[in-house]
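Residue numbers (our numbering), protein chains in the order written: chain A, 1 to 252; chain B, 253 to 488.
Honestly, the hints are just simulated from the structure, not real lab data. We treat Cβ as the ideally placed atom computed from N, Cα and C, and that holds for glycine. Just so you know, not all the hints are guaranteed correct.
To be verified - With beta-carbon atoms standing in for the labels, derived distance ranges:
#1 B:Ser467 / A:Gly122: 54 to 64 Å
#2 A:Arg217 / B:Ala352: 40 to 50 Å
#3 B:Asp269 / A:Ile207: 42 to 52 Å
#4 B:Ser343 / A:Ala116: 23 to 33 Å
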Amino acid sequence: MTKSTETVFELPDASQLAAAFVDLARSVNDGKDMVEVFSMLAERCVTVLSVEACGILVIDPLGELEVIGSSNHSAHLLDLFQVQNFEGPCLQCCNTGEAVIDTELSATGPWPGFAAEAREQGYLAVYAVPLAARGVVVGALNLFAHEPIRDDEISVAQALADAATIALLQADPHEDAVVVTRRLHMVVEERNTIEQAKGVLSQRFSIDAEEAFVQLRRAGERTGTRLVDVAMSVVTRDNSYDAARLLANPID
Amino acid sequence: MTGDRWRRIADQIEQVDATQSLGHRVCAVAADLLSADHASLALVVNHATSWIEGSDDAAIVLDEQQFSLGDGPSFLAIDSLAPVMGIDMNSPEALRRWPAFAPVAIRHDAIAVFSFPLRVGEARLGVMSAYRSQPGELTAAEYADGLVVASLATMALLQEQAGASPGDLAAAFSPGVIHQSQVQLAAGMVSEQLDMSIIEALVRLRAYAYAHEQSVNSVARSVISRELAFQKEEKQ
């Protein structure tokens, strides 16, 4: 997407911002699965903030960081890089529960490998804000920008991260640690199912993983099926699902 | 911080007497971590079990009863893909839910039964059960440990089916295997290449990695970049 230089110095458009929160709330009420909610959130962050890419990670019950949603492939790769190389602002954010801002991406900084990788992809500023509920950090939202963003935009990102955490945990006052663990486990397993389905489709149609995700979503939209159910029917080749039959061929 | 929980439990499994079967070692650790009297693993296809292992004979008997009766919390865990917590087998709710199994469980002094699905995405291998003689719920830490043991058991079982020796748990429990997303993507591709189930595809990826002394993650990357494709003719 393109951004005019003026928008960098304005608050995010209020109607866009409201739409982002409404989207989140509605998708949870609609029973959308969490991978879909987080993918939408990542895309929304790119629309309302002057950032180029966004990725979301959660800490699964194994204690590992798992990439759940990304606005695009570049964010996905940078998130995976942090997970696989055990370095980067996201890890520090998850360890401390504090937002991390890096507008230098220095080769002599705390994560030289990640900084080089981010610069390679054209980013000059990286942000990580915690997904936290009642003092427990369950993940982080990462933002990648071509130039530093303003403090109030970081606050907006934190508000969106809080909304996402509420969505993830379907937070109510009675929820306890078991519920949090169960939700984190479910979202990672849903992500696994969706990755498996992306693999099936990327092989079937000779497309990349990003395009395969678009195909899954289109099948879900055309048939009114939850993304994770589309994925399940693709992986198990269950043609009793309209979505699985539809995905015998690429959807335009 | 990250990785501590699974590493601690993986170490504990590796430290159990290596002359014992893999299944037994996992069950022994599961029973210990969940403060259970007995724990078991069952491989399940279409609600029928092909293999059961337990921390002791009582665990195996209890699992066998569930599968021969076709009734019990294992089925709920398998169908819902979510852990089933320990409903008191003496309660009316348990009797309503599991009219055939609840009386059997009580007779075997299994008052609280916990069931964790063994799965990675849509690869559904079976169920891990823990049986306690006292009613009551798992603590949050026990619950989280249960999920981790079930995940490690799933990975170890896939690794064993891929031909790795049962004692060789290091390969099953390496960080490259724990980080799943690329492996799952590659498994989806292989399942389409070879027209096989996602479980078989996960086993094939591991078998290839094992035979070529590579990590599963690096094999997955080769599949995703299309440097490596599995051919149907390769099938023996």
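So, going through the hints one by one against the coordinates:
Judged by the Cβ atoms, the range 54 to 64 Å given for B:Ser467 and A:Gly122 is violated: they are separated by roughly 30 Å. The hinted window of 40 to 50 Å between A:Arg217 and B:Ala352 holds, with their beta carbons roughly 43 Å apart. Taking 42 to 52 Å as the suggested C-beta distance range, the pair B:Asp269 and A:Ile207 conforms, at roughly 49 Å. Between B:Ser343 and A:Ala116, the C-beta spacing of about 59 Å breaks the proposed range 23 to 33 Å.
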